[in-house]
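Enquirer: What follows is each chain in one-letter form.
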Amino acid sequence: DAKTTQPPSMDCAEGRAANLPCNHSTISGNEYVYWYRQIHSQGPQYIIHGLKNNETNEMASLIITEDRKSSTLILPHATLRDTAVYYCIVRLDAGNNRKLIWGLGTSLAVNP
Amino acid sequence: NAGVTQTPKFRILKIGQSMTLQCTQDMNHNYMYWYRQDPGMGLKLIYYSVGAGITDKGEVPNGYNVSRSTTEDFPLRLELAAPSQTSVYFCASSDRGGSGTDTQYFGPGTRLTVL
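Here the protein sequences come in this chain order: Z and H. Each residue of the first sequence is one higher than the last, beginning at 10 in my numbering. Each residue of the second sequence is one higher than the last, beginning at 3 in my numbering.
Some hints here could point you the wrong way.
To be verified - Partial pick of chain Z residues on the chain H-facing surface, computed with a CB cut under 7 Å:
1. G52
2. Y55
3. A69
4. W111
5. L113
What the hints assert, rightly or not - No more than 30 Å apart at the CA atoms, straight line, and that leaves these computed lysine-lysine pairs for BS3-like:
6. K59/H to K11/H
7. K59/H to K12/Z
8. K78/Z to K12/Z
9. K46/H to K11/H
10. K61/Z to K12/Z
11. K16/H to K46/H
12. K78/Z to K46/H
13. K61/Z to K78/Z
14. K12/Z to K16/H
15. K16/H to K59/H
16. K46/H to K59/H
17. K61/Z to K46/H
What the hints assert, rightly or not - The calculated label-pair distances, taken between Cβ atoms and stated as ranges, are:
18. G38/Z to G18/H: 45 to 55 Å
19. G18/H to S50/Z: 22 to 32 Å
20. A26/Z to R79/H: 40 to 50 Å
Hints are computed from structural coordinates only; laboratory data are not their basis. Glycine residues also receive a C-beta, built at the ideal position from the N, C-alpha and C atoms.
Given these sequences and hints, build the entire structure.
Expert: Right, here's the structure in full:
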């Protein structure tokens, strides 16, 4: 599976948009980009995923570049409860291969 | 639905002791996973299962064993606990959907300390 590179930490003001970048320059054509987050000491929580097109759900938006070598997770109106570690993962969807390779993620601090 | 439940929440073991971490899901998911997370690190896959009776190794399987006799349960066994196994253990499950849908749902974790 392709590996990802994320900044170790970011800050965001409450109510502003948080834009979290991720580089996955070795991504293959059939690898999906997944985003999870982990609030302190809890189990990770799924946010969003995509293959080629931009995606939006009730939690966030995912912008994937045309060459698919990078993506950005957007939290449109960050709140204090969005303070967490955000993981960008690429995963091969082939048969029974269900392995997610987790990096260190980005620690997002939302400040009042 | 309770989702994914794990027991116990906390445990302290002595070196050489054994224990089983329990994981149960009530979403009828075929896929289940065990991860460990060391302080300040991302998750590492220990074992996973694609259905009852089928298990496979992940990145860090040494020192652990699993079984999957039912769809709901996926226990993780530590036979001879070592200090290197001090970690937080997360169980997860997922189901195969269309278009790459494979959201993993995680339990609350088991915090294990081996002294």
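Enquirer: The hint names Y55/Z as touching chain H; please verify it with the least Cβ-Cβ distance against 7 Å.
Expert: OK, holds: Y55/Z within 7 Å of chain H, min 4 Å.
Enquirer: Decide if the proposed pair is consistent with the structure: K46/H and K11/H, CA atoms, cutoff 30 Å inclusive.
Expert: With Cα atoms ~19 Å apart, K46/H and K11/H stay inside 30 Å; holds.
Enquirer: Take a look at whether the Cβ-Cβ distance between G18/H and S50/Z falls inside 22 to 32 Å.
Expert: holds, 28 Å
Enquirer: Mind checking the alpha carbons of K61/Z and K12/Z for me, to see if they're no more than 30 Å apart?
Expert: holds, 17 Å
Enquirer: When you check the alpha-carbon spacing of K46/H and K59/H, does it fall within 30 Å?
Expert: It holds: about 11 Å lies between the C-alpha atoms, which stays within 30 Å.
Enquirer: Does the structure keep K59/H and K12/Z at a Cα separation of 30 Å or less?
Expert: holds, 20 Å
Enquirer: Given A69/Z as an interface hint, is its Cβ closer than 7 Å to any Cβ of chain H?
Expert: Violated. Min distance 14 Å.
Enquirer: CA of K78/Z to CA of K12/Z, is that 30 Å or under?
Expert: Judged against 30 Å, a Cα distance of about 11 Å means the pair holds.
Enquirer: Can you confirm whether the C-alpha distance between K59/H and K11/H stays at or below 30 Å?
Expert: holds, 24 Å
Enquirer: Would the stated hint for W111/Z survive a check requiring a Cβ distance to chain H of less than 7 Å?
Expert: It holds, given that the least Cβ distance between W111/Z and chain H is near 3 Å, below 7 Å.
Enquirer: Has the hinted range 45 to 55 Å been met by the Cβ atoms of G38/Z and G18/H?
Expert: holds, 48 Å
Enquirer: Is K16/H within 30 Å of K46/H, Cα to Cα?
Expert: holds, 23 Å
The structure does not agree with the numbered hints 3, 14 stated previously, though it agrees with the rest.
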